Amino acid sequence: MTDIYGTHVPPFEFSEGELTLKSTVEEEGINYIREIGDKTVEKSLFSSEQKVTIQPVEPLNLPKELTSSLLIDFENPIVIDSGMKKDIFATFPIEIAVFLESGSPEKPFDIFTLAKQKYTLYGDVKTGTICKYWATQQNANPPEELDPLIEGIMALSIINRTKEWKEVTKVVFDAYGMKIYYDDEKVGMKGVMFIKEEDLSETGFSNKPLVENMTKAREIYRKKKSAIKGGTKFVMESGI
Amino acid sequence: MLDRVLYGSVTVLNLLTSIIILFVTVIIGKAVSLQIRHSLKDKVSKDRLNTISKFVYFLFLIVGFLIVLPILEFRISGFLVAGGILGIIIGFASQSIVTNFISGFFLTFERPFKVDDVVKLGGEDGILGVVEDIKIISTTMRTFEGVYVRVPNEKVFTGNIVNFLENVARRFEYDVGIRYKDDADEAMKIIRELIEEQPIALKNPEPQVFVESLGSSAVELKVRVWAPSTEWFPLRMELLWKIKKKLEENGIQVPFNQQEVWFKNALHMDENEIS
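Going down the list, the protein sequences come from chains A and B. Heads up: the first sequence begins at 3 in the working numbering, then just goes up one per residue. Heads up: the second sequence begins at 196 in the working numbering, then just goes up one per residue.
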């Protein structure tokens with residue numbers, strides 16, 4: 003449960019674990035302070051509109067915008083029989099963006115994360131893809147007691163369209179296409195993986211929330227996404 | 196005025212017509228090349244797009260000259276016939292230009308690097324920097340000292356080319372020596388944990404930490420880390436000092452060189468002699 007997500011009118015102060023977000027009203031604008039542990043970021047904002055929205059976004063911005071791909075590594079492999087569809091639940095990392103409700107509402111003025119950050123290489127050194135890395139357990143039911151400020155729930159449908167059983171150890175997404183939904187208790191999204199041939203799978207996202215009444219998060223990569231021809235599906239050619 | 200003969204039967208009108216034709220072909224060439232840039236910008240890489248648009252532009256210029264030359268009574272067949280000796284002279288004079296041009300042509304197709312790649316041209320003592328432009332005659336670079344360098348394409352094509360960004364990831368390594376009395380397993384565990392904490396150090400390919408050799412003064416550990424090609428150097432600069440500090444925090448030290456000296460005859464020294 004968190005009060006942080008949503009639109010807030012300064013002054014406000016939220017404190018959860020080692021994270022503190024504060025905003026005070028100054029003479030001509032607002033002052034914003036974010037503290038994580040002993041690190042503090044402070045910004046002065048001058049705008050006619052004094053509303054701030056805090057929400058989860060695609061985990062591609064920190065520590066540096068290096069890739070559009072997200073690799074989710076399953077701690078235990080999933081074996082799925084020929085022609086079968088299996089729905090599982092996993093987790094994914096979250097970055098949190100803070101938007102000022104005016105001017106360019108798709109451009110956050112602050113992004114931070116409490117999730118572990120790591121990159122990996124999918125494929126070989128010559129033709130592979132650098133991906134944001136996240137290790138997760140897979141469950142038959144939605145994982146409980148997740149911190150919605152750190153990780154979200156991913157409902158993943160795996161469809162094996164081949165004529166033999168397959169072992170899935172990881173899934174790679176083009177995270178520009180992420181459709182994140184959130185409420186006070188959880189962050190979630192739906193993904194799909196089609197296993198098509200030997201060493202060839204296709205992944206993508208569904209535009210539906212995990213459960214009813216969740217709020218859709220802003221997509222900060224909408225412009226880049228619209229420039230990509232052929233959508234934001236990822237074709238896994240280097241193993242699953 | 197327009198009928199005034201300049202030479203042969205070429206009039207002022209012919210000259211003006213030629214200038215207008217050249218001007219129009221330049222304008223059309225620029226427009227077509229801009230249109231190509233605009234329509235292909237999402238489909239073709241920036242440097243290839245540059246080459247295509249330049250090629251189209253020069254094609255229009257050549258067509259313009261081919262139209263204009265007969266109007267000005269320059270006969271290409273005449274050039275060919277009379278070009279014997281002149282051709283040889285021009286050939287010698289333009290040898291390097293033609294070589295550079297042909298090298299540039301092959302570089303465009305072979306594509307050993309592209310604009311914004313970090314490359315080293317010309318072997319061990321070659322030029323290291325960022326490729327700024329690949330032109331028809333030369334390649335321009337910006338070294339890490341911020342110096343502009345123009346390299347003729349012939350030298351680029353015939354020399355060694357090391358492209359540091361051709362592959363998406365690369366490896367770097369350190370040698371870390373620890374004292375013989377320190378626990379090497381513990382040291383390797385600490386280094387592995389430290390690498391795991393670095394976001395830029397790739398999870399896969401896995402980093403390697405192992406005992407490389409038993410040196411004269413230290414147990415030598417080898418540390419190998421993979422990182423995205425664009426980010427490896429800042430990580431390499433940062434990580435070694437972190438390893439040193441972390442090992443020292445855990446009581447593991449990098450030793451000084453040591454040498455044991457054995458005397459043939461035992462040294463007898465009076466304590467009083469020591470001041």
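No wet-lab data here; the hints were simulated from the structure. Computed from a predicted model, the values in this text were never measured in an experiment. One should not assume that every hint holds.
Straight line, CA to CA, 30 Å or less: simulated DSS-like cross-link-like pairs of lysine-lysine [claimed, not checked]: (1) A/Lys66 / B/Lys309; (2) B/Lys309 / A/Lys235; (3) A/Lys181 / B/Lys398; (4) A/Lys128 / B/Lys330.
Stretch-level coverage of chain B by chain A, calculated; a stretch enters the list once three of its residues show a Cβ under 8 Å from a Cβ in chain A [claimed, not checked]: (5) 286-297; (6) 398-404; (7) 422-428.
Taking CB as the label site, the calculated pair distances span [what the hints assert, rightly or not]: (8) B/Glu319 / A/Asp126: 26 to 34 Å; (9) A/Arg163 / B/Pro450: 42 to 50 Å; (10) B/Phe367 / A/Thr217: 53 to 61 Å; (11) A/Glu239 / B/Val227: 36 to 44 Å; (12) A/Asp126 / B/Phe250: 47 to 55 Å; (13) A/Gln139 / B/Arg387: 16 to 24 Å; (14) A/Lys198 / B/Phe367: 34 to 42 Å.
In this text, a Cβ means the ideal position worked out from N, Cα and C, and glycines have one as well.
Here is how each hint holds up against the structure:
For the hint pairing A/Lys66 with B/Lys309, the CA-to-CA distance comes to about 23 Å; that is within 30 Å, so the pair holds. With a C-alpha separation of about 27 Å, the suggested pairing of B/Lys309 with A/Lys235 holds against the 30 Å cut-off. Proposed proximity of A/Lys181 and B/Lys398 is supported: the alpha carbons are some 26 Å apart, at most 30 Å. At most 30 Å may separate the alpha-carbon atoms for a hinted pair to count; A/Lys128 and B/Lys330 meet this at roughly 26 Å.
Counting residues of the stretch 286-297 of chain B whose beta carbon lies closer than 8 Å to any beta carbon of chain A gives 0, which falls below the threshold of three, so the coverage claim is violated. Evaluation of the coverage hint for the stretch 398-404 of chain B: fulfilled, as 3 residues show C-beta separations to chain A shorter than 8 Å, against a requirement of three. Check on the stretch 422-428 of chain B: 3 of its residues sit with their Cβ under 8 Å from a Cβ of chain A, so the three-residue criterion for coverage holds. Between B/Glu319 and A/Asp126 the C-beta distance comes to about 28 Å, which sits within the given range of 26 to 34 Å.
Restraint check, A/Arg163 to B/Pro450: a C-beta distance of roughly 60 Å breaks the suggested window 42 to 50 Å. The beta-carbon spacing between B/Phe367 and A/Thr217, approximately 44 Å, falls outside the hinted interval of 53 to 61 Å. About 37 Å separates the C-beta atoms of A/Glu239 and B/Val227, a value consistent with the hinted range of 36 to 44 Å. A C-beta distance of roughly 33 Å is found between A/Asp126 and B/Phe250, which places it outside the suggested range of 47 to 55 Å.
Between A/Gln139 and B/Arg387, the C-beta spacing of about 22 Å keeps the proposed range 16 to 24 Å intact. Take A/Lys198 and B/Phe367: their Cβ atoms lie about 37 Å apart, and the range 34 to 42 Å holds.
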